[in-house]
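Undergrad: Work out the full structure, taking the sequences as your base and the hints as a guide.
These protein sequence lines are chains A and B, in that order.
Position one of the first sequence corresponds to residue 1 (my numbering), numbered consecutively onward.
Position one of the second sequence corresponds to residue 1 (my numbering), numbered consecutively onward.
Because the hints were derived from the structure by calculation, they are not lab data.
Check each hint, because a few of them may be wrong.
Treat identical chains as interchangeable: a pair holds within one or across any two.
No more than 25 Å apart at the CA atoms, straight line, and that leaves these computed lysine to any residue pairs for SDA-like [what the hints assert, rightly or not]:
| id | residue 1 | residue 2 |
| --- | --- | --- |
| 1 | LYS290 | GLU175 |
| 2 | LYS290 | ASP156 |
| 3 | LYS164 | GLN203 |
| 4 | LYS164 | ASP343 |
| 5 | LYS164 | ASP304 |
| 6 | LYS164 | VAL33 |
| 7 | LYS164 | SER130 |
| 8 | LYS290 | ARG4 |
| 9 | LYS290 | SER351 |
| 10 | LYS8 | ASP221 |
| 11 | LYS290 | GLY305 |
| 12 | LYS164 | VAL174 |
| 13 | LYS8 | PRO131 |
| 14 | LYS164 | GLU260 |
| 15 | LYS8 | ASP156 |
| 16 | LYS290 | SER159 |
| 17 | LYS290 | TYR329 |
| 18 | LYS290 | ALA133 |
| 19 | LYS164 | ARG322 |
| 20 | LYS8 | ASN38 |
What you are looking at is a predicted structure, and each value in this text was computed from that prediction instead of being measured.
Number of protein chains: 2
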Amino acid sequence: MFVRELTKPDGRNLRLYSRHPIPPDIEAPAAAVGMPPNPHLRWHPLRGEWVGYADYRQHRAFLPSAQHNPLAPTTDPAHPTELPAGPYDVAVFDNLSPAFSLFAERPEPDPIVDTCPARGVCEVVVFTQSPAATLGSLPLWHIELLFEVWADRCADLGSLPAVKYVMPFENRGVEVGVTLHHPHGQIYAYPVVPPVPARELEQQQRYFEERGRGLLVDLVDAEILDGRRIVHASGSAAAFVPVCARYAYEVWIAPRRPAESICDLTPDERAGLAVALKTVLLKFDALWGKPFPYVMVFHQAPTDGLEHPEAHFHIELYPPYRMPGRLKYLAGSELGAGFFTADSLPELKASELRAIEVRVE
Amino acid sequence: MFVRELTKPDGRNLRLYSRHPIPPDIEAPAAAVGMPPNPHLRWHPLRGEWVGYADYRQHRAFLPSAQHNPLAPTTDPAHPTELPAGPYDVAVFDNLSPAFSLFAERPEPDPIVDTCPARGVCEVVVFTQSPAATLGSLPLWHIELLFEVWADRCADLGSLPAVKYVMPFENRGVEVGVTLHHPHGQIYAYPVVPPVPARELEQQQRYFEERGRGLLVDLVDAEILDGRRIVHASGSAAAFVPVCARYAYEVWIAPRRPAESICDLTPDERAGLAVALKTVLLKFDALWGKPFPYVMVFHQAPTDGLEHPEAHFHIELYPPYRMPGRLKYLAGSELGAGFFTADSLPELKASELRAIEVRVE
Chain A
1 MFVRELTKPD GRNLRLYSRH PIPPDIEAPA AAVGMPPNPH LRWHPLRGEW VGYADYRQHR
61 AFLPSAQHNP LAPTTDPAHP TELPAGPYDV AVFDNLSPAF SLFAERPEPD PIVDTCPARG
121 VCEVVVFTQS PAATLGSLPL WHIELLFEVW ADRCADLGSL PAVKYVMPFE NRGVEVGVTL
181 HHPHGQIYAY PVVPPVPARE LEQQQRYFEE RGRGLLVDLV DAEILDGRRI VHASGSAAAF
241 VPVCARYAYE VWIAPRRPAE SICDLTPDER AGLAVALKTV LLKFDALWGK PFPYVMVFHQ
301 APTDGLEHPE AHFHIELYPP YRMPGRLKYL AGSELGAGFF TADSLPELKA SELRAIEVRV
361 E
Chain B
1 MFVRELTKPD GRNLRLYSRH PIPPDIEAPA AAVGMPPNPH LRWHPLRGEW VGYADYRQHR
61 AFLPSAQHNP LAPTTDPAHP TELPAGPYDV AVFDNLSPAF SLFAERPEPD PIVDTCPARG
121 VCEVVVFTQS PAATLGSLPL WHIELLFEVW ADRCADLGSL PAVKYVMPFE NRGVEVGVTL
181 HHPHGQIYAY PVVPPVPARE LEQQQRYFEE RGRGLLVDLV DAEILDGRRI VHASGSAAAF
241 VPVCARYAYE VWIAPRRPAE SICDLTPDER AGLAVALKTV LLKFDALWGK PFPYVMVFHQ
301 APTDGLEHPE AHFHIELYPP YRMPGRLKYL AGSELGAGFF TADSLPELKA SELRAIEVRV
361 E
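TA: Okay, structure coming up:
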């Protein structure tokens, strides 16, 4: 993998990645300049968690037309986008309106709750130069490259003292609030271990202490043995609708070996995960013959300086549709109680996905 | 308050409530018969929480036309709705497609995770006979009556041995997935204390043990003293955008005294809460001159047979809009990490709401 590190005129980082050498004369274009980010956190005493405040994000770009796509390569220097033209496959740059910033200043103390600067990093990962592509439509070598890019960024961001947890994710589709259609994901480097990963790690730690084995490796093995909810399995990776799915078409993808983080994957495991991910995404789009929206998140070990033998890198996909044209809305029970009720059985949804044949190459 | 308890032909309960006596000859109509509910729970080992499965809910009623409104009083006996005609103000009945049922059977054991019958109750609370009304538009006496109805149902459902937590809630607007426009709420009587109230009670319990006072009563007093986020305050109740709001226009309403549950409220406190709730809802609708969607949930002490001096009944309102026409989508960070980032400051949103004058009577 070849990388070229550039700095935008406003100081933001830009990294270009390719399987081939990138010409040295490529330059970062001078794209739009955002409001200076100065986010802060406030403690939510009732939930026992931090909440971020970033009021300059209110007016960020919202579904611009194709000719104003900030994630396409710059073709007209008079109208620069976030990215240069040139031979590269993937680009990563600092979000113009980030929820976290390494330069956030200490906020005024609040008389009621604890506050602190929201020091962290928000990056945008542009999956490809092609605005009409999708993650699932990329060739396997390109998705493998993406796993290397994600690992590179997670290692880099995770080494920052301010950062306690790094989470790559993708929101796909207007149904989950996408504001730019060009295929891209994001990486949040959090100043704290956020509530959901913290809870998962707590459960995994207890299991590991009791049994000396990983919760997720046992779950993956059990799902493969059971077989009813498997969508794809190989020697190095598995994709399945988990027995405890909260969304109708929820899928988890994990390496068979409990790698702690995306940085610990072997080339074989990256290749296996690329096949699994592409398989699932193509099945999603083939299911109803149209682009299938989803939220995709990567869970892994925190970067808090501690050992995490209990952690097991995995991908969770939450598609919002429960049937054609019907969204699963999160409302009273889900948002107010944290209690999910599924309208379908994971076994049935997995068999729908399993039945779809797709070409993965 | 007068109550008439009826049983529908399919065995479901129906209760009619009014400030005036209800004629004894009123009968429950024979509405649609649903699939026999047999929901179950599965343990989610990674999150350490239960997930409900109720596959017969997939085909429940979805935005029927006005003449097929199942929550309007029956006018033509050949086309019965869920409710009779007659002089009553509020009606409560068992949901036709419930997420929980007292008659749920023990599911087949699963080889991977624990399962159990989803024994509980789901009720529908029809706020008024008028299909075009809204909760906020009801006169104060009617909202006070509703607080009595909610308390009656919470006491009744909470006394069931299967029930560990009772949560009244309202989803308002298609933006939060409403499937019937007639003004109504729901009550879920859960077989477990769900994750969010459990987490809040844990935080409140720790605070109470350390200081001998309630977390929320201290927070409410501090918000009133601070004043910047108060939307409405009286001697018995307060409404405010909390200092740690996760949604732009999030509002909490609480009695000033730390009543453990809605069942413990005095008539004065009910009256104060009715004024606070009506004030907030009218301000919401007046904000942009159109119906303002929200999810409203009631948090209180569990009904697990234990003492809960730490609990403090309160209402949380989560409106999904962050600005006119722009929803706050829950995506990667919120759903996958449990980490919320707000695009606005609570102080500013509270001042917008405070500036709106409404007539409460």
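Undergrad: Each of the hints needs a verdict: does it hold here or not?
TA: Structure-based check of all given hints:
In the homo-oligomer, the alpha carbons of LYS290 and GLU175 lie at most 25 Å apart both inside one protomer (13 Å) and across protomers (23 Å), since each shortest distance falls under that limit. In this assembly of identical chains, the alpha carbons of LYS290 and ASP156 never lie at most 25 Å apart, being 36 Å within a copy and 48 Å across copies at closest. Within a single copy, LYS164 and GLN203 get their C-alpha atoms as close as 18 Å, and across copies as close as 23 Å, so both meet the 25 Å cut-off. Taking identical chains as interchangeable, the C-alpha atoms of LYS164 and ASP343 lie at most 25 Å apart only when they sit on different chains, with a minimum of 22 Å there against 36 Å within one chain.
Taking CA atoms no more than 25 Å apart as the test, LYS164 paired with ASP304 passes inside one copy only; the shortest distance there is 5 Å, against 37 Å between copies. For a Cα distance limit of 25 Å, the shortest separation of LYS164 from VAL33 qualifies neither inside one copy, at 28 Å, nor across copies, at 53 Å. Proximity of LYS164 to SER130 under the C-alpha cut-off of 25 Å is found in neither arrangement, the shortest distances being 33 Å within a copy and 53 Å between copies. For the identical chains of this complex, LYS290 and ARG4 are neighbours neither inside a copy (36 Å) nor across copies (51 Å), given an alpha-carbon limit of 25 Å.
Taking the shortest Cα distances, LYS290 and SER351 sit within 25 Å of each other inside one copy (19 Å), while across copies they are farther apart (44 Å). In this homomeric assembly, LYS8 and ASP221 never come within 25 Å of each other (Cα to Cα): the closest approach is 46 Å inside a single copy and 48 Å across copies. Proximity of LYS290 to GLY305 under the C-alpha cut-off of 25 Å is found in neither arrangement, the shortest distances being 43 Å within a copy and 51 Å between copies. Within a single copy, LYS164 and VAL174 get their C-alpha atoms no closer than 30 Å, and across copies no closer than 38 Å, so neither meets the 25 Å cut-off.
Taking CA atoms no more than 25 Å apart as the test, LYS8 paired with PRO131 passes inside one copy only; the shortest distance there is 22 Å, against 57 Å between copies. Taking CA atoms no more than 25 Å apart as the test, LYS164 paired with GLU260 passes inside one copy only; the shortest distance there is 15 Å, against 37 Å between copies. In this homomeric assembly, LYS8 and ASP156 come within 25 Å of each other (Cα to Cα) only inside a single copy, at 19 Å, whereas the closest approach across copies is 64 Å. Taking identical chains as interchangeable, the C-alpha atoms of LYS290 and SER159 are never at most 25 Å apart, the minima being 40 Å within one chain and 49 Å between chains.
Taking the shortest Cα distances, LYS290 and TYR329 sit within 25 Å of each other both inside one copy (20 Å) and across copies (22 Å). With identical chains, the CA atoms of LYS290 and ALA133 are at most 25 Å apart within one copy only, with a shortest distance of 14 Å there and 39 Å across copies. Taking CA atoms no more than 25 Å apart as the test, LYS164 paired with ARG322 passes in neither setting, with 34 Å inside one copy and 28 Å between copies. In this homomeric assembly, LYS8 and ASN38 come within 25 Å of each other (Cα to Cα) only inside a single copy, at 19 Å, whereas the closest approach across copies is 59 Å.
In terms of the numbered hints stated before, the structure departs from hints 2, 6, 7, 8, 10, 11, 12, 16, 19, listed from lowest to highest.
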